[in-house]
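Asker: Protein chains in written order, with the working numbering: chain A, 59 to 506; chain B, 9 to 265.
Please note: incorrect hints may appear among the correct ones.
Stated by the list, open to error - Below, simulated SDA-like cross-link-like pairs (lysine to any residue); rule was C-alpha separation at most 25 Å, straight line:
1) B/Lys23 - A/Asp449
2) B/Lys204 - A/Glu303
3) B/Lys27 - B/Glu195
4) B/Lys59 - A/Lys481
5) A/Lys481 - B/Asn103
6) B/Lys160 - A/Leu451
Unchecked claim - These stretches of chain B come out as covered by chain A in the derived footprint (C-beta under 8 Å, 3 or more residues):
7) 58-65
8) 110-116
Honestly, the hints are just simulated from the structure, not real lab data. The structure presented is a predicted model; accordingly, all values stated were derived computationally and were not measured. Yeah, the Cβ is synthetic: ideal placement off N, Cα and C, and Gly gets one too.
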Amino acid sequence: MSQMVEETSSELGTIAELAGQLRGGAPWLDTLREKAFDRFAAHGFPTSAEETWKYTNLSGLAKIALKADIDRHLGVEHGVEHGVEQVRLRELVLGAEKTAVELVFVDGNLEKELSWRGVLPGMARVMPLAEAIEADARGLREALSEEISDPLVDLNTALFQDGVYIHIPAGIVIESPIHLVFLSSGRGMSNPRVVIRADGGSQVSVVETFAGPRDSAYFTNAVTTILAGHGTVIEHYRLQREGSEAYHISNLRIRQSRSSSVTSHVVSLGARLSRQQIEAALQGEGSSVTLNGLFILSGRQHADHNTIIDHQSPHSESSEFYKGILDGQSRGIFDGKIIVRKDAQKTSSRQVNRNLLLSPTAIVDSKPQLEIHADDVKCNHGSTIGQIDEDALFYMQARGIASEEARNLLMYAFASEIVERMKIEPVRNQLQSDLLHKLGPNGRGGKS
Amino acid sequence: MMLEIRNLKARVDDKEILKGLNLTVNAGEIHAIMGQNGSGKSTLANVLAGKPRYEVTSGEVLFEGNDLLAMSPEVRARAGVFLAFQYPVEIAGVNNIYFLKAALNAARKERGLEELDAMEFLGLAREKMKLVEMDESFMNRSVNEGFSGGEKKRNEIFQMAVLDPKLAILDETDSGLDIDALRIVAEGVNTLRNEKHSVIVITHYQRLLDYLVPDFVHVLHEGQIVKSGGKELALELEKRGYSWADELSAAGATARS
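The shape of chain A in the complex, shown without the other chains (with noise of 0.2 Å):
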């Protein structure tokens, strides 16, 4: 017992250290991440306790991420020479053709000779946080000051160094996506923060790719906000890649004004334990969101997916489709809660979360959960836990594809109905040669 009270007060002193060296900026962040520290020292990491942290223990994280924190934040040493290289950085960014804007952070800071900004049209701005900040970028604020009650994101708010400020005025389509890539150098936490503002009828498509080195323990703690103005159309894809012994939690938060239309697509493939938490607050008549999700484990990673959709207001839309393989002795999670506001007429929801299993020792759980307290209302939901189609199999064996390929092929098709929906090419693509590559012969039950 002493020695737990010891080492939570040794995690939080190194917080408080590290949140100390990021005060004297401006005075209203100062507040901001002050409060933050304090809600988290209050709380402390979630336990399995907590009903939405039933499935996932966090109890191994803050000793691996902290411990190597301190000297790196002083500046000691320096992620571009700490096996970024092993992340395979070339076949991660897609390039100035693909992309308006890439910027690539190490461990939470912008690298520059890394990063591309293209021209973009209107007043439309992509601008490291920090610099954002430095300018007092108009709404910029009032998007980080939002309260939000979650420990993760209350130590994301005392501890970002740096993230990315998106805003898009109205009425400005931004046709290429911008991508935002998160590397660790394989050594203690980052906390990289992303706000997305889009203002009346604007689009924007933003992808988040979070990778590291193998092998390594390390910590990645993200936060984006999507604040979807009236008649915004914005896409979000967020391709966890971490390495095989990362900690990965992230979180969205997306509020949406009338007509507003958001899709959020979510891939787990790496980190030792995952969790991606998205909430969605309908808030606008006629507003829909789309959450699209794949995980495909092996070995003995954990993945947790946890989504809360709100509807607040009348005729608003929901779909959610989340897809898992485990292999091994993984374990995936889907918990998804639905929730429909006494005010929210009209509304129609659909959930559906599809598993596959392929071996005895993997576990998943899905629990689909629906609140509603209004009364016209349409919503259905369902979930599935199943094995590979052993008619299916014997039926291309039958044809002379061998067992294996077989396998092979039935895993990629289950896979690919996620990725064909991604309106992004080039992420698409990447991710089909990923899956080809992760259910290969070499892939499956190996390293992830």
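Chain A is already provided as a structure; the job is to place chain B on it using the hints.
Answerer: Just chain B, lined up with the frame of chain A:
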């Protein structure tokens, strides 16, 4: 000799279905195997294709002199054995044409032939689709997904035409087909007919045999072939009904004892 089955016994889930079946098929011959439900027709088809749940307890099957039962299903297919399924399986997300190209190239590779590229394959596929009067839109759909019963059976014959097997086994391909579809399927098989190809037609009814005239007809009853003859045997069986098979079986048993 294409296929030789000697005293084949097989069971499914501990139930013995085939009880000592003998059959010889030479190259270029069409054999019809007729029998009522439960006689062992589909079990024979599945055993020949290598379906996992079917367990052979004794006997042997030689395909061109090689031990067929020792081969995995995919090796049998590549060697030239084709089963047209009674219930073709729907495979969501796997493209029909991609699937068939992979199948054909697996067989070509095994035979030491060059694999076909996409264009060459497409040319071949188009030609064979015409044969079974299949619309080209079926190429880009998932394997059998959402196909009607008749479309699925035609897709089987289309696959057969592309793969060009030495031995084709049609497992109740006629069931659920209207006369037009029946004619198309039979014509598809007839065009493959030559001195190198053999076909085993497994059926409950005589009507397919009007279009696909067999060289030999065998009556299967309780896991054994109780009578063999020419094409006229099918007509006689149709006239007398399957109770005749019971009599033949009883007579056979008396004769043996």
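Asker: Now, for every hint given, state plainly whether the structure supports it.
Answerer: A quick look at each hint next to the structure:
no.	hint	in the structure
1	B/Lys23 - A/Asp449	holds, 21 Å
2	B/Lys204 - A/Glu303	violated, 59 Å
3	B/Lys27 - B/Glu195	violated, 34 Å
4	B/Lys59 - A/Lys481	violated, 40 Å
5	A/Lys481 - B/Asn103	holds, 20 Å
6	B/Lys160 - A/Leu451	holds, 17 Å
7	58-65	holds (count 3)
8	110-116	holds (count 5)
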